[in-house]
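**Student:** Next come the chains, spelled out residue by residue.
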Amino acid sequence: MVEEYMLLANIMVAEILYEKVPNLAVLRRHSNPDLTALNNIKNIFLKVVNMELDMSTNQQIS
Amino acid sequence: MNLDENNELKITLDIEKNREDLRKKLIVSVDPETAKDLDDALSIELIEEGVYEVGVHIADVSHFVKHGGYIDSEACKRSISYYFPDRVFPMLPHILCDNLCSLNPGKNRLAFSIFFRMDGKGRRIMNFKPRLSKTIINSACKLSYEAAKDIFDGKITSLEELGPKYPIYNGFTFEELSSNLKMMNFVAQNRRKVRLEEGSIVFRNLEKKKFIFNKDQSKLLSW
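For the record, the sequence lines run as chains Z and A.
For the first sequence, counting from 1, position 31 maps to 31 in our numbering; every step adds exactly one.
Basically our numbering = 1-based index in the second sequence + 62.
Okay, chain Z solo, but in the shape it has when bound:
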């Protein structure tokens, strides 16, 4: 429960900072993963633990 509220508070503070001081707000965002690297991981998992990973979307991974 606490985790959910801390996440929400962080998200909203980030939005407020981005709106009020856009020149100071550090927007840290993960870009999409490198496809070659992603495929390598997929192959390693397949070889080592014989596990098929579906990494097409965030949702699939989680």
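Any given hint might turn out to be false.
Unchecked claim - Partial list, derived from the structure: chain A residues whose beta carbon lies under 10 Å from chain Z:
1. D93
2. R186
3. Y207
4. I274
Think of the hints as simulated: they come from the structure by calculation, not from any bench.
All C-beta atoms, glycine included, are put in the ideal place defined by N, C-alpha and C.
Start from chain Z and add chain A according to the hints.
**Tutor:** Below, chain A alone, put in the same frame as chain Z:
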């Protein structure tokens, strides 16, 4: 620093006129059993059917630590508090971490608060802009995760069952505490569902790693 004769934080007129007074609001902290530095506390209010106003209150360290001052520059060097099994090296002086900037129950504390509204399905109510405020709070109860969970789950249903470990301050009843906690949990669990449906990643098995040292701490025995 403004402390009274009992070494308690003195709420001066100057502080009072610059801050929203939430000392009468039911606010609780929920932390690990052994926590001493209580950084955050929560409150909730049912505004109308299906509209919940949540308050997240964070200790306002900036009231005590001035930008660029000695404590600030030392804290910059330390960056984080180091928690060892038998001791802590805090980022800030003990009097701040465990006392003045710890949102202890029954104590007047300075906080930075954000208020936002959620609906009963765990979605943010976007047409209500989150509101930020410098506040004075006085937490009604310091709960452990276990105690809070037992209250949600209906395993603790009275002041007697809650026990003397978790006293309730400021004249609130167990029923008020319990119904607020249940409301907070209800909204949070629905919010969690929404968040996970949106594709947030859950990290499993993030249990605490324990490092065991020999007696004089010169050798790492296991981890």
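**Student:** Which earlier hints turn out false for this structure, listed by number in ascending order?
**Tutor:** 4
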